[in-house]
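Visitor: Listed below, chain by chain, are the residues.
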Amino acid sequence: MIAAGEPAPDFTLRDQDGEKVALSDFRGRKVLLVFYPFDFSPTCSDQLSLYQEVKAEIEEKGVTMLGVSVDSPYAHKAFQEKLGIDTRLLSDFEPKGSVSRAYGSYLDAVGMSNRTLVLIDEDGTVAWAYESPNPGEFPGANVIFDALA
Amino acid sequence: MAELSSAPVPPLGPDDHVRGMGEGSIVYADLGCPRCAAAWADLTARPRRIAFRHFPVASKHPRSPALHAAAEAAGRQGRFFEMVDSLYGDRGHVDDPHLWERAKRLGLDLDRFEADRRAAAVAARVRRDFESGIRAGVAATPAIFDLGAGGA
Numbered sequence: 001m002i003a004a005g006e007p008a009p010d011f012t013l014r015d016q017d018g019e020k021v022a023l024s025d026f027r028g029r030k031v032l033l034v035f036y037p038f039d040f041s042p043t044c045s046d047q048l049s050l051y052q053e054v055k056a057e058i059e060e061k062g063v064t065m066l067g068v069s070v071d072s073p074y075a076h077k078a079f080q081e082k083l084g085i086d087t088r089l090l091s092d093f094e095p096k097g098s099v100s101r102a103y104g105s106y107l108d109a110v111g112m113s114n115r116t117l118v119l120i121d122e123d124g125t126v127a128w129a130y131e132s133p134n135p136g137e138f139p140g141a142n143v144i145f146d147a148l149a
Numbered sequence: 001m002a003e004l005s006s007a008p009v010p011p012l013g014p015d016d017h018v019r020g021m022g023e024g025s026i027v028y029a030d031l032g033c034p035r036c037a038a039a040w041a042d043l044t045a046r047p048r049r050i051a052f053r054h055f056p057v058a059s060k061h062p063r064s065p066a067l068h069a070a071a072e073a074a075g076r077q078g079r080f081f082e083m084v085d086s087l088y089g090d091r092g093h094v095d096d097p098h099l100w101e102r103a104k105r106l107g108l109d110l111d112r113f114e115a116d117r118r119a120a121a122v123a124a125r126v127r128r129d130f131e132s133g134i135r136a137g138v139a140a141t142p143a144i145f146d147l148g149a150g151g152a
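Line by line, the protein sequences are chains A and B.
Heads up: the first sequence at position 94 corresponds to 94 in my numbering, and the numbers run straight through without jumps.
Heads up: the second sequence at position 114 corresponds to 114 in my numbering, and the numbers run straight through without jumps.
No lab work stands behind these hints: they were computed from the structure.
Among the clues, some could well be false.
Cut-off 16 Å, straight-line C-alpha distance, at most; resulting in silico cross-link-like pairs (EDC-like, lysine to aspartate or glutamate) [to be verified]:
| # | chain 1 | residue 1 | chain 2 | residue 2 |
| --- | --- | --- | --- | --- |
| 1 | A | 61 | A | 122 |
| 2 | A | 30 | A | 123 |
| 3 | A | 55 | B | 3 |
| 4 | A | 61 | B | 3 |
| 5 | A | 30 | A | 121 |
| 6 | A | 30 | A | 57 |
In isolation and in its complexed conformation, chain B is listed as follows (with noise of 0.2 Å):
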């Protein structure tokens, strides 16, 4: 069983989401919820660094696994920030038939984006975020932590 007290945002390791550079922010988001969707859009306005990290909340936003696993999912063909950009932009179409379409659009094997996208170790790399971000004390969406010019 994890271990959940408190611990500092880890630092950025070989498999985080991360796009762009230079200074920017680790974003714990929730791929539901409406205010992350429009701190997305300002985010990703400028030219900055980002770390996406998934915080979803089962209970507040009741697809927000789903659209998780399909971001990680996608992510295994190298367009996980294509496909958040995509849930972001169209919050309105997350039922699965959505999701398919979404990954036919961004070019995706389907088959394997169906098969990663309910994978225990894609749950486990969503979870590893989440659990993280709890330890870091994240209570709400989106959670923006600075990540500095190194790389934190």
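The following block holds chain A by itself, in its conformation from the complex (with noise of 0.2 Å):
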């Protein structure tokens, strides 16, 4: 997994709309890296769910959060209209996995991103990153806080 302090591998991927959004787009600005496994599994629904009902208080620190996983672009548009959320999620489609490898949180044995919070400061450098301890839990919204404090 990347570590703070490390320069964040910069990015261009597409969003539950198709929309190209570059990591350098937020310059200037933090940026939450929320990788998860899958859309629709119910532990990332929980966890999307949950960070869904901070996310107000989240951006108010002038952060940005984006979900990372390697589901398609309609996937990431169905996942979120289930959900009733408005985090954008952005597809590491193709090459599969690709910016998760970067950032040290892709599991090969079964093809998907751990679950994994990178916070990027605004000069795009890794301020913290957390795993879980097994890809079947997610941490709780206030180690986001406790990172932002």
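Both chains are given apart, each in its own frame, so use the hints to dock them into the complex.
Guide: The structure is reproduced here in structure tokens:
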């Protein structure tokens, strides 16, 4: 997993609406990348639902939250609509998992992103990274606010 | 804007919703959550103290904000736990007309119930519990914390 102090690898991915999103678009603003295994999986649904409840508070701290998984933009759109969330979901689809790999958040054995949080500073440096002990668990939102304190 | 960094579960306060005496639990629960309903049936079957704290996750259970507001509004008329029991006891009737029916059965003043459940103060009361749960690291419901014999 990537560590604090390292430069955050730049990327350009498509979001749930097919719009291109580059990390460099957010220079001057903090970014929270929420890597997660799969759209529609129970734990991922719980995690993104919970974080949606505190999205306003995250944004109030000057942070843009972006979800990342290997699913397609179409799957992301359906997942977003099913959950009723407005967190942008980025598609690390082709080459599969390349951005997740660059951040050290890819599980080759199962072909999915790990459950990892990465906070990137305004200047594009990793400020904090957290990996769940296993992909079946996700951290409460308090750890995000601890990282921002 | 609320502070949401890590903090211990707050001790019981004067406006916590508490039922029973002695040892027990503080339960962060979502009134739209089936697992919470099952846990509630188990918890309430035993003679113990229970403090209920609101933890609605709207994107997971879209009716939860309305249900928590209804329980809180019933609480303003002294019937909080009766409404919680009612909502967990019958999870299939959660639209507004069903809430009115429940309120009538509990003998609530309907006009007051309607005003209270839409009041900003009620939403703020629910949110206060939710935020304390976030700070305590609650990630899924129900989240149950030991209350201890002394009252936490």
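Visitor: The structure should be examined with respect to each hint, and the outcome stated for every one.
Guide: Taking the hints in turn, this is what the structure says about them:
1. A:61 with A:122: 12 Å, holds
2. A:30 with A:123: Between residue 30 of chain A and residue 123 of chain A the Cα gap is close to 8 Å, so the pair holds against 16 Å.
3. A:55 with B:3: 13 Å, holds
4. A:61 with B:3: 11 Å, holds
5. A:30 with A:121: 5 Å, holds
6. A:30 with A:57: Answer holds: residue 30 of chain A to residue 57 of chain A is near 13 Å, not above 16 Å.
Going through the hint list in order, the structure satisfies each hint without exception.
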